[in-house]
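Read top to bottom, the protein sequences are chains A and B. Just so it is clear: in the first sequence, position 175 is 175 by the working numbering, and no numbers are missing. With positions in the second sequence counted from 1, the corresponding number in the working numbering is that position plus 1000.
Be aware that a few hints might be false.
Here are some, though not all, of the chain B residues that point toward chain A, as calculated from beta-carbon distances under 7 angstroms [said to hold, decoys possible]:
1. 1218
2. 1339
3. 1343
Covered stretches of chain B, going by a simulated chain A footprint (3 or more residues, C-beta under 8 angstroms) [what the hints assert, rightly or not]:
4. 1249-1256
5. 1448-1458
Computed Cβ-Cβ distance ranges for the label pairs, DEER-style [said to hold, decoys possible]:
6. B:1128 to A:279: 26 to 36 angstroms
7. B:1421 to A:98: 29 to 39 angstroms
8. A:167 to B:1416: 52 to 62 angstroms
9. A:164 to B:1122: 39 to 49 angstroms
10. A:205 to B:1121: 54 to 64 angstroms
11. B:1155 to A:220: 49 to 59 angstroms
12. A:124 to B:1128: 43 to 53 angstroms
13. A:279 to B:1122: 30 to 40 angstroms
14. A:258 to B:1128: 50 to 60 angstroms
15. B:1155 to A:260: 51 to 61 angstroms
16. B:1624 to A:98: 51 to 61 angstroms
Treat the hints as calculated values from the structure; they're not laboratory data. Ideal placement from N, C-alpha and C gives every residue a C-beta, glycine not left out.
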Amino acid sequence: MQRHLILEDGTVFAGESFGAPATTFGEIVFHTAMTGYQEIITDPVYDNQIIVFATPIVGAAGIHAGAYESMKPTIRGMIVHDLAEVSVNRQRRMNLDRFLKQHNIPGLYHVDTRKLIRHLRETGSQKASIVDFADDHAKDQLVATVLTNKQVANTATVKPYANPGRGRHIVVIDFGLKHGILRMLDDYDANVSVMPYTTTVEEVLTLDPDGIVLSTGPGDPRVLPDSVLTLIRVLQTKAPMLGIGLGHELFALANDAELLPLSSEHHGMNHPIEEIVSRQMMYAMQGQGYAVDPESIDRNKLFVTHRDLVDGAIQGLRHRDYPAFSVQFFPDGAPGPLDATTIFADFFDTVEDYVEHVQS
Amino acid sequence: MLFIGSGPNDFGRESEHDAAIFQVMPELNQFGLEAYLIDENPYSLSLESLAAQVFWQPLTTKNIKNIIHQEDIDTVIPLFGGDRALRIWTQVVQDWQKGDGPLPQTLGLSIEMMLKTVNVAAMTDYLAEAGLPVITNHVVHARDEANDLLRQVRLPLMIRALHPIVQNTRRIVERVDDFDEIFNQVKTQSLTQEVVFSRAINGLKEVSLQVMRDRRGNKLRVGASEDMDPIGIHTIDSLSISPVLTLQDQVLQKLRKYAFDIADLLQLEGTMHVQFAVDDDSGEIFIIKVSPYIDQMAMRTTLATGYPTILVAINLAIGVPLDEIRLPHYFHTKTAIMEPMMDHVVVKLPVFPFGELAESGVQVNRQLSSIQKSVGTVLGFGRTFIEALEKAIRSAHFNNASFSPTFMQGISDDELIQQLIHPQDNRVLLLIEAIKRGYEVDELAELTHIDEFYFYQLQRLLRLEESVEAAVDNIGALKNAKEHGLSDGLIARFWHTSFEIIRTLAQENQIDVTYKAVEPSAGEFPEHAHQYYATYEEENESTQVATDSILVIGNGAFRMGDSAASGYLMTTVLSELRRLQYHTVIMNNNPHDATLMPHLADKQYLEPLEISDIMKVVEVEQPKAIIVSGNRRKLIQALRDLEQNVLIMPKQKHVPSGPTTEQSEFALNFFFDGHDIYPLNITQHTVGKLRILKQKITAPIGIDPEQCPSPGVYQIIWYINDTKPMVSVNTQPIDHDTWLRPMPFGQVAFLNKAMQVQWIRLTVRAMLNRLTEEDYQLLSELNTKCQTQTQIKMIDAHVDYSLHLQSQNDIDSTRFEMGVSITDE
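Taking the hints into account, I'd like the entire structure generated from these sequences.
Below you can see the structure in the form of structure tokens.
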């Protein structure tokens, strides 16, 4: 069945429907990653977004039990050029099309995605809608729609939960985390407590963490309550801290830096990221709509550790006084290169130093 | 700095190394470095490069040593000449004596690592020690020793005899119950009663990665491809597809990590191709081959992604770190450090020589195995797998006759099953036929070890073809067919009409081709793209490059015969057109051909070469002229019927047969500039050898210029039943049965080098009425101005036809040439 994608600027694309035949609204972004569609669509960082895939064929690797980044995808749509209906699970019953149907997410295939991406690269991200008919009514509705800014609340856990291990105790503050972070912590056999972002300093300190992770998450970090920044300001003085993605942006805000919205959101895994001190390049999945404003950094508090060699955007920060650091990119490699998994090694080294220091 | 070329063409050795060396030598000049080159391939363009001092000498350790001493070479770059150059250089290094002076340094790879690279067992051990997954071999003498191993190694196993007394002792053990019998049998086939075990990887998925690494240890992935055919079929003979589609991200990232680990272990400064075996069921991964030098995958990846692998590799070899590489202005400034992303699909198809051989009565074993049988490669570009596949098939065959839906109807069910298990060159058609006959996808996947994805795709293709066939003249069906890459010609076949009718019907209904750029950012950044492929979508990105352009039609895949020479010739044509300041457009689909080097042409169309594909490009570019090789008579006629200005590089329809073992073929060679005839020399051709006589031609040649259709080098041929090298022959009057033909391209290449005259460039200038005063002067004083080096000969290279083709009868090495050398020995 033919359905349509309409953009806020009035542009319309026709495509064939797959997934659910639902009408949705969301922010449209494009993604240049060639693999990892399942991880991408299940990553809460894409909450409320319609994702255009540059890779020409999506679905050929099926849906795998080991490739969920959250249990429930909350994207608002998937736009692809060609769809493959391959199922690889034991029942041979789950392919991308069925998966999206199950979660009431619409998709369009047979779209000139290259034209769409070339368009979006000029206009930047904008509101968009997937509808049956691209008539004036649908366009008016799109213009009138106000997209939610409560994406963190939509995706983060409301209750604490544990992912027990026998190693160091790591408290993860959840802003809509991706499973990749938990998998990496599991590699270090960490004993993990995941706390909602509404938690308090007392609650976290009562758990006596060896380290704290500020998780990834969707949306604009500036709309979160100030209590989150206060929480970070206190906790960074108490235990080693690692911020990732949204967690990095919050870490920057908590230390008085400011964010700049990117003219066009950047989603992909092919930009070289330089670790400034070693001049080593690495590649990692990036999904960002904001970057830390270099002008706003208080050099008495923070210094820049990583930058994107393509656009120069800040990709990593470290605190001058505390064992706290953060990265804009996703070092967990789910999906994406494993080049940057050393960030977790650095974090656990810091945790070990801290534990030793406290014990002595 | 001395480059070592890759020598004569052979199975798996087309023009990729020559193209690589040709483009990197000027780069060295820019750094103020002097380039030298040794090679013996007469079809080498690099040997005519002005950017280097060149030596046409056989690639022997002695010659290489001599050049090093003569020219005070302090650096050698073997990696651009591929495995052959690396092996020869390794030999030189091993033979180096104290008295030879200081050994030149090697760029790109240390000597220690070179030695490992050329020794599979040493490399395997090295990788295993580093904890990387390789296939390990276990040698066993007695049955009870095997018990321990049986517990460690997963089934299936491959067992073969150590020091075998018969050929091919390889056996696969699928079940433990079969072990005893097979073990005992194989043991008796060993001279020493020893048996080698390893994990059998036949049937696993083969995946290739191409990576770069710089001196600082920075690495990036250029591209990856997966073979549709499982391990057991040589990767060059496999249908392969890029990007990788059927692997999960997690698996592909693991492969990437292994490839990076290997690049670090080798301390590589350059590019590397790593082949993996992947077991989809168990998740196991094995490294099966490491190639830290330029090979065909490097060239394919360059073309498929738009990432300038070769240019970046030379920068890395001379020590420029990735983030400091300055690429020519026509690349985005960050291209060298961004991992290329693809928004298109590229299907690689091998081209086999079986058809042409069968036509000339040579029967060969057509079954595909781990020994390479294909002689050429084509790429099909599209936005879906089906589109890319259709275009690759059309590129491989020049026409759609062998792709007719009825082609495989005659095969029996038994034969079908046999060929599913033991695939031949026609396997894509066979798979489609199997689906047509109702075999289930999971059955087929199990039988063939091909990923189900491909069967679903072929099912789609079949449904598409059926729907097109059933809907004659239906515009919806036409649109659908065009969007999936079916050519006008194929649709015409379905609808029993002509391609012109289909073309007009599509035009009238606004079903228009859209060209998309091949560029490494997948649309993220505006790039200065110059490579395009056709698809049927909404946005067209290609507009006329200039009003004075010339379109050059490439020769497509290499076939047995003179493909390397044809590639050399067309590349020279492009280069001359550039020199004459025309804008140039090339159409081709062979990634190993030098015509597709970056920016040799202003624009490249990576397309099949059927008349319908060409006319669509013509509509966009409106070229002033189209240059076509003379053997493509149907195409020339079709283009002329459509009122195109066609310029012909003179060539016979088929590569001529060579002389028999008792004969000499003599040729009186002359150049025709469109008006007059200029005698050149006389050549003697015996089996496997071509030489030039010292004899000067004094009398005019009695040929009516009308007999030569266009400017070029021609020859009058006659045979004498004597194979002795002659000093002179009687030419006036020629009292033998003689005939006129355009000089075969291979001989033109040879003549260029022996005479130091660029006959191809002169032909191009003559065709375009651009011959200069100097040209005419040269032509009128050839006898005095041109020092022909008559001691140089062209001889057949030793190509192991029997290993690759297992043919029953002799193969005419002129008509089915694979490789030749020039030598003055």
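These are the hints, each one checked on the structure:
1. 1218: Cβ of residue 1218 of chain B sits 4 angstroms from chain A, so the hint holds.
2. 1339: With a minimum Cβ separation of about 4 angstroms from chain A (threshold 7 angstroms), the hint on residue 1339 of chain B holds.
3. 1343: The hint holds - residue 1343 of chain B has a Cβ within 7 angstroms of chain A, the shortest such distance being about 5 angstroms.
4. 1249-1256: Contact hint for the region 1249-1256 of chain B vs chain A: holds, 6 residues under 8 angstroms.
5. 1448-1458: holds (count 4)
6. B:1128 to A:279: 26 to 36 angstroms: holds, 32 angstroms
7. B:1421 to A:98: 29 to 39 angstroms: At roughly 33 angstroms between Cβ atoms, residue 98 of chain A and residue 1421 of chain B fall inside 29 to 39 angstroms, so the hint holds.
8. A:167 to B:1416: 52 to 62 angstroms: holds, 57 angstroms
9. A:164 to B:1122: 39 to 49 angstroms: holds, 46 angstroms
10. A:205 to B:1121: 54 to 64 angstroms: holds, 59 angstroms
11. B:1155 to A:220: 49 to 59 angstroms: Holds: the Cβ-Cβ distance is about 55 angstroms, inside 49 to 59 angstroms.
12. A:124 to B:1128: 43 to 53 angstroms: holds, 51 angstroms
13. A:279 to B:1122: 30 to 40 angstroms: holds, 33 angstroms
14. A:258 to B:1128: 50 to 60 angstroms: Holds, since residue 258 of chain A and residue 1128 of chain B (Cβ atoms, about 52 angstroms apart) stay within the stated range.
15. B:1155 to A:260: 51 to 61 angstroms: Holds - the Cβ-Cβ distance for residue 1155 of chain B and residue 260 of chain A, about 58 angstroms, lies within 51 to 61 angstroms.
16. B:1624 to A:98: 51 to 61 angstroms: holds, 55 angstroms
The structure shown violates none of the earlier numbered hints.
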